[in-house]
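Take the sequences, apply the hints, and build the full model.
Order-wise, the sequence lines are chains A and B. For what it's worth, my numbering labels the leading residue of the first sequence as 14, then goes sequentially. For what it's worth, my numbering labels the leading residue of the second sequence as 4, then goes sequentially.
If you're looking for bench data, these hints aren't it; they were derived computationally from the structure. Among the clues, some could well be false.
Claimed, not checked - Under the rule of at most 20 angstroms between Cα atoms (straight-line distance), these lysine to any residue pairs were calculated in the SDA-like manner:
hint : chain 1 : residue 1 : chain 2 : residue 2
1    : A       : LYS278    : B       : LEU236
2    : B       : LYS286    : A       : ALA203
3    : B       : LYS76     : A       : ALA138
Stated by the list, open to error - Covered stretches of chain A, going by a simulated chain B footprint (3 or more residues, C-beta under 8 angstroms):
hint : stretch
4    : 53-65
5    : 72-79
6    : 103-116
7    : 203-213
8    : 273-282
9    : 375-385
10   : 411-419
Backbone N, C-alpha and C fix where the C-beta goes; we use that ideal spot for every residue, glycine too.
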Amino acid sequence: MEIELARHCLEFALRNGATAVRITLNKTVTDLVGILNGEVDKVSHSLDRSLQIALFVDGRYGAFSSNRLEKEELEEFVRKAIGTVRMLEEDKFRRLPEAGRKVKDAMTGMEPGLYDPASSEVDEAFRRDMALKLSLWKEKEALEKGFTILGEESEYSDTVSDMVVLDSEGLFARHSETSFEIVTEYTIAAPDGRLFSGYWWDASWRLADIDPESCARKALDRTVEQMNPLGVPGGKYNVVVDSECASRLLSPVLSALGGFAVQQKNSFLADKLGEKVFPENMTLVDLPREAGRMGARLFDSEGVATREMPVIDHGVVKTFFLNTYIAGKMGMEPTVEDSTRVRLMPVGECKNGDELMAAVGEGILITGFNGGNSNSATGDFSYGIEGFFFQGGRIVHPVRELLMTGNFVSLWNELSLVADDARPCMEKQIPSLAFGSVDISA
Amino acid sequence: MVKEKAYYLSVFGVDEALLAMLVREALSRGGNYGDLFFENTLYGNLVLRDGAVTTGGSHVDFGVGVRVLDGEKTGYAYSESTSRADMMACAKAASAIAGGMPMAVDSPTRAAFRGVPNPEADRYPVKEQWTSRSMDSFLPFLREVDAEIRSRDSRVEKLTAVLSFQETDVLMYNSLGELKWETRPMGNVNVSVVFRQGTRVENNSVSRSWRMGAEMLGPSLIADIASAAVRGLDARFQAGRPKGGRMSVVMGAGSSGILLHEAMGHAFEADFNRKGISIFADKMGQKICSEDITIVDDGTLVGNRGALNYDDEGVPGQRTVMVDRGVLSSYLHDRISAAHYGVAPTGNGRRESFRYAPIPRMRATYMESGKANPADLVAEVKHGIFVDEFANGQVKIGEGDFTFYVKAGYLIENGRLTMPIKDINIIGNGPVALRDIVAVGNDLALDPLTWTCGKEQSVPVSCGIPTVLVKSLTVGGE
Chain A
14 MEIELARHCL EFALRNGATA VRITLNKTVT DLVGILNGEV DKVSHSLDRS LQIALFVDGR
74 YGAFSSNRLE KEELEEFVRK AIGTVRMLEE DKFRRLPEAG RKVKDAMTGM EPGLYDPASS
134 EVDEAFRRDM ALKLSLWKEK EALEKGFTIL GEESEYSDTV SDMVVLDSEG LFARHSETSF
194 EIVTEYTIAA PDGRLFSGYW WDASWRLADI DPESCARKAL DRTVEQMNPL GVPGGKYNVV
254 VDSECASRLL SPVLSALGGF AVQQKNSFLA DKLGEKVFPE NMTLVDLPRE AGRMGARLFD
314 SEGVATREMP VIDHGVVKTF FLNTYIAGKM GMEPTVEDST RVRLMPVGEC KNGDELMAAV
374 GEGILITGFN GGNSNSATGD FSYGIEGFFF QGGRIVHPVR ELLMTGNFVS LWNELSLVAD
434 DARPCMEKQI PSLAFGSVDI SA
Chain B
4 MVKEKAYYLS VFGVDEALLA MLVREALSRG GNYGDLFFEN TLYGNLVLRD GAVTTGGSHV
64 DFGVGVRVLD GEKTGYAYSE STSRADMMAC AKAASAIAGG MPMAVDSPTR AAFRGVPNPE
124 ADRYPVKEQW TSRSMDSFLP FLREVDAEIR SRDSRVEKLT AVLSFQETDV LMYNSLGELK
184 WETRPMGNVN VSVVFRQGTR VENNSVSRSW RMGAEMLGPS LIADIASAAV RGLDARFQAG
244 RPKGGRMSVV MGAGSSGILL HEAMGHAFEA DFNRKGISIF ADKMGQKICS EDITIVDDGT
304 LVGNRGALNY DDEGVPGQRT VMVDRGVLSS YLHDRISAAH YGVAPTGNGR RESFRYAPIP
364 RMRATYMESG KANPADLVAE VKHGIFVDEF ANGQVKIGEG DFTFYVKAGY LIENGRLTMP
424 IKDINIIGNG PVALRDIVAV GNDLALDPLT WTCGKEQSVP VSCGIPTVLV KSLTVGGE
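And the structure:
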């Protein structure tokens, strides 16, 4: 890491007119091997570095970045940047966070426990071996029972990333982590010529957690299961949403709690702080400091220390995500820039999606979303969905070309059960969910 | 925008002998084609929020990508430094894809595009370079956008306007000895407005984007953005959702081109077809829809967001007819897929930046005008919807299932537009929807929105379509 260079830029900016400065230095190295139909199809190596500099000049603010990290180039860049900031209008709410809010326990980058020393042992041959294990192409003929595999694509990648945040009031914060990711995708043809595609993926900061063989088999299983879809009539259904995709329904809620959306009134939760908007059984907490868990972070982009906090407590909105600037504009106490590693607490005794289906009886199991969006101001949404019709707690047949439409406040108030099967590879810990009375169009 | 060759060599600190040496190093372990893609991008942005331009910035992205093709296999590496040592290391990393002796360059489809860039044929001539203007000279534009929108509707509660621009110097060299260079401009204006009427809140967003210089900023653009920001606002506050299900859909001219992009365009990209996983993989030369339909992907529209003098493999930008009067006539090719099919590349090899290897991507995708009167298409529908504002779309390539999100439209009852509708998704199957286009209007319009396609990498695109009637699609509702 070019930490001394960052310190030099910080001092240079102060000497040339900045009243306060924050610098974020990033370095990421990624290697990837791609497999197409059982053979290595792609190898890539990348090294990314960038220096981001937030400049506070005469009551004005600007944000800049460059990946040209030569000292003379950066000095010229910073000099011009300060000139640019001076052209902007004053904004009295722009300032660095108060010292008491800044992180103090992120000095080495290793504190979150997300760095695997095994990453230094990984070489080109190992990557190829891992990637080839993501392929079942050699078993193609034996696997093709009632379908034909048209294509199989897999990727293995490993990444080492390092980030340092410094500011002109003494902040030093570092976050280091490794990441190992695998994915396999299949396209198959049914006897009638119809095509189906499916995938599976896994990721961890620890190499030993990654299991390529099971990834490929699960991807193929998920693809084959989609064959022979049947229609269902449109109407209101119970819905179970698989933990693989359940966070899709929570992300717009978290966005609506974001400071910029709230301050700009572009949020369906803009005036709901402290109100019971959601049902009694809905409790969401942010757990950013669980060491060794994917997504753990000790500080946000301003260097403010994260902390465990309730987001929604028994249906009551407990926090907005407010950085120093937005909090100042709104006349509120700042929190953190964004959610980090939220967890939706289980409701009921069901462990997973299968048990949810058994408890619910009949409805639609959603295993993936196909497009769609939502209105951030009203909370109205409409998504394409895919999955299965279930009855008597068991899957009956796949479904396809369905739409799920509603409003997030109404939807979450139909939350009946939450399982306990959030995927460890995901930052947002959202288990499989069960809702009642959801509008499905067919 | 095209400058002298010496400018680009100087920006990247290279000479032609070094370029040739790097490609030789890249092919030293084998492979039959290698290329270099140098990029120097300067981004600038200004944000008006709560009535003042209080945020701005600039960003530099600089580097070189080295690619080795060994048949259809790709080795790729990039460096953010163009020092000789860093680039040689990069070339060595890219060479890892190949494991044998270098092969002869044997494919005619890879050897057809010699010649230097021609400023006379430039598809994005710039009258006023973004980087020649002082940032403070852009502030009045944003303030006028803010004032003009507020003057047109008193219900404006919050408004954010963002001006962003970029100038990208590109230098490309390949193992055929071809050297290409150009500077690509792009200007974007994005406006987000929140309106309040009593206790109800609604939002709207407007964007405009062109490959142009700062001359695009002017009174006509301000008026256009303001008009679009408040268009249909009364209807938006009254809008509801239809009863969902299968129904006829009249897609208005312009931004309904998202139908082509998602439902058909991606399935025509030749990488999916080369791998046999596109639903159109075995349909070349076959009739796939009405002979009233001709679909084009075009990189030659001057100033268009999807325009290209050259694609990111140095192949000249061109106009590609994908569906010619109902017959599938061409896929969209990069050099790999063109070699696979034994045809010339179509100039669709594109990449987000030097960090990515190019793959087949759309440019400006549109349907040619038909003969129908647009008003007649609505009149034909007994029960359905009319839609002409969209947010985003998606497609599953294998199945051909696509969706797009409708921000605003109207219910059609007995041939007349009735209840305003908003915030619904539409889902269908590409080949089926293409066959179900039963009428094509005579009013082709290209959409000026900031469309960005996200297939593995983000690239700027645009789309367009005349008013069309699709016999049946599944519409979301309550």
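Hint check:
| no. | hint | verdict |
| --- | --- | --- |
| 1 | LYS278(A) - LEU236(B) | 17 angstroms, holds |
| 2 | LYS286(B) - ALA203(A) | 18 angstroms, holds |
| 3 | LYS76(B) - ALA138(A) | 17 angstroms, holds |
| 4 | 53-65 | holds (count 10) |
| 5 | 72-79 | holds (count 7) |
| 6 | 103-116 | holds (count 3) |
| 7 | 203-213 | holds (count 4) |
| 8 | 273-282 | holds (count 3) |
| 9 | 375-385 | holds (count 3) |
| 10 | 411-419 | holds (count 7) |
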